[in-house]
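*Asks:* Protein sequence lines, in the order shown, are assigned to chains L and R. Using our numbering, the letters of the first sequence map in sequence onto residues 1 to 222. Using our numbering, the letters of the second sequence map in sequence onto residues 1 to 222.
A portion of the hints provided could be inaccurate.
Which copy is meant is left open, because identical chains are indistinguishable; a pair holds if it fits in one copy or across any two.
[Stated by the list, open to error] In silico lysine to any residue, SDA-like type, Cα no more than 25 Å apart, as pairs: (1) Lys147 to Gly211; (2) Lys147 to Asp163; (3) Lys171 to Pro217; (4) Lys147 to Gly35; (5) Lys174 to Gly35; (6) Lys171 to Thr90; (7) Lys147 to Val157.
In short, the hints are calculated from the structure, not lab data.
Listed below, chain by chain, are the residues.
Protein chains: 2
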Amino acid sequence: MTLSVVLLSGGLDSTTILAMALKEGDAVALTFDYGQRHSREVERAKRISEHYGIQQIVFPLYLQGFDSALIKKADEIPEGVEVREEIPETYVPARNILFLTVALGVAESIGADRIYIGVNAVDYSGYPDCRPEFIEAFQSMAEVGTKAGVEGRAPRVMTPIQDMSKAEIVKVGKELEVPWELTWSCYRGEEKACGRCDTCLHRLKGFREAGVEDPVPYEEME
Amino acid sequence: MTLSVVLLSGGLDSTTILAMALKEGDAVALTFDYGQRHSREVERAKRISEHYGIQQIVFPLYLQGFDSALIKKADEIPEGVEVREEIPETYVPARNILFLTVALGVAESIGADRIYIGVNAVDYSGYPDCRPEFIEAFQSMAEVGTKAGVEGRAPRVMTPIQDMSKAEIVKVGKELEVPWELTWSCYRGEEKACGRCDTCLHRLKGFREAGVEDPVPYEEME
């Protein structure tokens, strides 16, 4: 049976890919605790793992020496959906490389044959480490740089929502009965989602276009 | 001027590449604190950084979910120099990929143009993540997966001791006045180096063949 390591942040995309991986076999969730401005993401990822009754590895990552908008204060985070021509401010150097590498080490340690990552080229075309050519280059590196790879059984990096719009992701998630109410997408960490930040706007747009109601409470909607 | 991120473990090889990097320009040392069985390596790396008057980043890495001989007990570590036909027991899944990826993130954050890593194909031919083809694959991935890469200025991974024997490394180090007395290679963490483990034997052989005295005290030599 297929065993997958799924990068689970607790958001819409990663929870959907977890549901997709579980449709194919068994899975272990891998969540990073990297000094996010709020701990809600990690807590939601834990609850989602419990929901599915799977093992969750919480990997602590203190990004010493990294320049990262994800560990900046909330008021420094840009608002609104922009047309992106440049690499966004929220870019964290080598972030997905780091996440995938830890997933690779875990996958090799437990003998998993797949790694699921929720990169999405449509929404995040500005991030170099979300592009298909990056995933391919990572795969090639994993094949020469690991024992599993040398033995011809390198874990395969799966990007099932790579080319989906947020609305398509919501539709797939609905079909797989993803527990939306447990997911968290907001860049801020208040009691309710802000409804104004980049990720909130993308998420709301996705639900709206899919004709599905988002069960998560928003500040704006009170 | 060249700015390098140097992976510094506090051993013979990494201290030599630090000296080589400093000959070319400025450098920041990057040391991992990953639950090694003893903290001597991290302490020695700190003293070596102080010796050179450079900034040292200590990156904590708790390898949750990893299968690793480096965090096993001392009596589980194999003794003696073996002819290696298989990948050694001390192989840690994705270890150098992880180290290089953190170095890449730090390099991108501080605008460094080089990353130095002390991989050595002669001594460690059994490790997939020490081979030239791995370094090349990592470089290709860094070029497509980072902002710096997309902008045509991906940090270059430097492997200056890749093809050197331990004796050659000792000779280069002597020329560059590497502070041998501060370095630590032993897999065990006693007061003196054991002189029996794999790395001790490689080190002693290197000094002997180079005709240089190793100033580090060994148990065997009392």
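*Asks:* Using 25 Å as the alpha-carbon threshold, which applies to Lys174 and Gly35: within, between, both, or neither?
*Replies:* Close neither inside one copy (31 Å) nor across copies (42 Å); limit 25 Å.
*Asks:* Go through the copies and call it for Lys171 and Pro217: within, between, both or neither, with a Cα cutoff of 25 Å.
*Replies:* within (20 Å within a copy, 66 Å between copies)
*Asks:* Using 25 Å as the alpha carbon limit, work out where Lys147 and Asp163 are close: within a copy, between copies, both or neither.
*Replies:* Answer is between: at 21 Å across copies they meet the 25 Å cutoff, but 31 Å inside does not.
*Asks:* Regarding Lys147 and Val157, is the shortest C-alpha distance of 25 Å or less found within a copy, between copies, in both, or in neither?
*Replies:* Both: 16 Å inside a copy, 21 Å across copies.
*Asks:* Reference check for the pair Lys147 and Gly211, CA-CA at most 25 Å: within, between, both, or neither?
*Replies:* Classified as neither; 46 Å inside a copy, 36 Å across copies.
*Asks:* Quick one: Lys171 to Thr90, C-alpha cut-off 25 Å, is that within a copy, between copies, both, or neither?
*Replies:* Answer is neither: 27 Å inside a copy and 46 Å across each miss the 25 Å cutoff.
*Asks:* Given a CA cutoff of 25 Å, do Lys147 and Gly35 count as a within-copy pair, a between-copy pair, both, or neither?
*Replies:* between (31 Å within a copy, 22 Å between copies)
Checked against the numbered hints given earlier, the structure breaks hints 1, 5 and 6 and satisfies all the rest.
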